[in-house]
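Residue numbers (full-length UniProt numbering), protein chains in the order written: chain B, 1 to 256; chain R, 1 to 256.
Keep in mind the hints are simulated off the structure, nothing from the lab. Source: prediction; values computed, not measured. It is possible that some hints are incorrect.
Mimicking DSBU-like on lysine-lysine, the simulated pairs with C-alpha atoms at most 35 Å apart in a straight line are [to be verified]:
| no. | chain 1 | residue 1 | chain 2 | residue 2 |
| --- | --- | --- | --- | --- |
| 1 | B | 128 | R | 56 |
| 2 | R | 35 | B | 128 |
| 3 | R | 128 | B | 56 |
There are 2 protein chains.
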Amino acid sequence: MKQYKGYLIDLDGTMYKGTELIAEARDFVIALKEKGIPYLFVTNNSTKRPAQVAEKLESFGIPTTEDQVFTTSQATANYLHDRKPNGTVYVIGAEGIRHALTEKGFTIQDEDTDFVVVGLDQEITYEKLAKACLNVRNGAFFVSTNGDIALPTERGLLPGNGSITSVVSVSTQTQPVFIGKPESIIMEQALEVIGTPKEDTLMVGDYYDTDILAGMKAGLDTLLVHTGVTTKELLKGYDKQPTYAVDSLKEWMDKI
Amino acid sequence: MKQYKGYLIDLDGTMYKGTELIAEARDFVIALKEKGIPYLFVTNNSTKRPAQVAEKLESFGIPTTEDQVFTTSQATANYLHDRKPNGTVYVIGAEGIRHALTEKGFTIQDEDTDFVVVGLDQEITYEKLAKACLNVRNGAFFVSTNGDIALPTERGLLPGNGSITSVVSVSTQTQPVFIGKPESIIMEQALEVIGTPKEDTLMVGDYYDTDILAGMKAGLDTLLVHTGVTTKELLKGYDKQPTYAVDSLKEWMDKI
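Put together the whole structure using the sequences plus the hints.
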């Protein structure tokens with residue numbers, strides 16, 4: 001069995017479910033740390049800063065520094081920086097994406113912007129959507145932090161950022177560039193951050209359509225863990241299988 | 001030239017532009033009234049009651065009774081009534097659609113509904129979209145008053161109801177039944193209301209993609225007037241042409 005030199009790891013459904021820790025996942029990360037193997041959490045959650053995510057993981061007993069968290073907000077800010085450093089942007093989204101963009105040198109404003117970025121915003125209003133549409137129609141480059149159609153909660157599946165993004169894409173008939181998993185954009189940046197060679201890095205996650213596809217598209221080996229969305233039964237419906245699939249990360253402990 | 005016995009007429013772009021009357025359109029309707037030819041205004045605007053629409057038209061000097069206005073909210077309420085009279089419905093939308101549904105005997109509630117209806121709501125919130133998604137995922141039949149992707153305003157093109165509807169359709173992966181133009185559902189009901197034979201009724205409007213297509217799909221002759229969205233230039237791009245096209249309804253006065 002191949003020994004991987006680095007791990008990219010999903011959060012929700014892989015490390016925890018909402019507010020509930022997955023204990024075997026914590027033990028898995030502790031083992032990585034003890035063996036000195038680099039790991040980076042890669043998340044489509046655009047609403048929180050890396051420090052806030054690290055704090056949540058630490059509160060579960062999962063050893064995490066701020067630098068071990070890579071969010072789609074950071075990936076979005078980097079992507080925009082490559083296109084036009086210090087540009088102007090109209091943002092729909094919460095603190096995480098706003099912080100990432102301003103930290104990277106972007107100016108957030110309402111009109112005549114170079115970019116429109118849509119990230120999850122549970123305080124969405126018609127006026128925010130209107131401003132996003134007007135800027136896109138005026139030529140702003142349109143980016144969405146992630147295309148997740150649904151957000152799993154204790155109430156059920158609520159609208160995800162991909163569905164909110166569709167207001168702007170349907171109204172303006174302009175497709176955005178999506179940054180988060182399953183796109184390669186976030187994965188290529190995450191590989192740079194972790195610094196291990198692609199062929200020696202494993203992508204770990206619970207959701208085929210985002211985590212596993214992201215790994216495959218980026219040319220990584222993949223490990224699907226059945227603690228979240230994609231059950232064994234659902235996995236049978238996919239043509240291309242992940243490199244590995246386990247019921248729990250406990251099964252992976254002797255392969256680290 | 002054929003003499004039509006009834007006219008179905010669009011509003012925005014045909015009778016007025018926002019708050020501005022199109023004087024030739026007023027004269028055209030006055031002529032219809034004087035000659036005793038039935039006419040019915042057919043609108044995708046779900047936000048106002050027929051009485052409110054009639055009042056606006058009267059304020060422009062366009063002779064209109066409440067009964068001469070047929071909104072997509074009325075068409076939606078009739079459609080739901082045919083599927084399940086006195087059912088329960090979760091509604092995103094303004095006064096017009098709420099009034100039409102309660103008047104028709106429906107009970108508006110938040111959970112466990114038979115139907116979800118989405119109409120234009122400029123006070124949209126994430127919570128409203130969440131409730132719509134949860135009801136659709138729980139099996140509620142999903143209906144949208146109209147699929148207009150954009151709303152023309154003095155600020156530019158803002159998100160139309162079709163784009164707001166897409167949040168629910170993308171998130172739940174469930175397509176709604178659309179009621180308004182260009183769908184036949186509203187047109188068939190409008191024909192019943194006006195009461196003139198299909199072959200003797202003319203559909204008049206400014207927008208090919210809604211008004212003219214609606215007429216064509218319903219098997220009516222169509223008259224495109226270039227006072228709104230579809231210019232002469234744009235019209236050249238369509239394969240199937242309307243029965244007639246004029247720059248202004250003034251040109252139609254001697255054909256009534």
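Check the structure against each numbered hint from earlier and tell me which ones fail, lowest number first.
2
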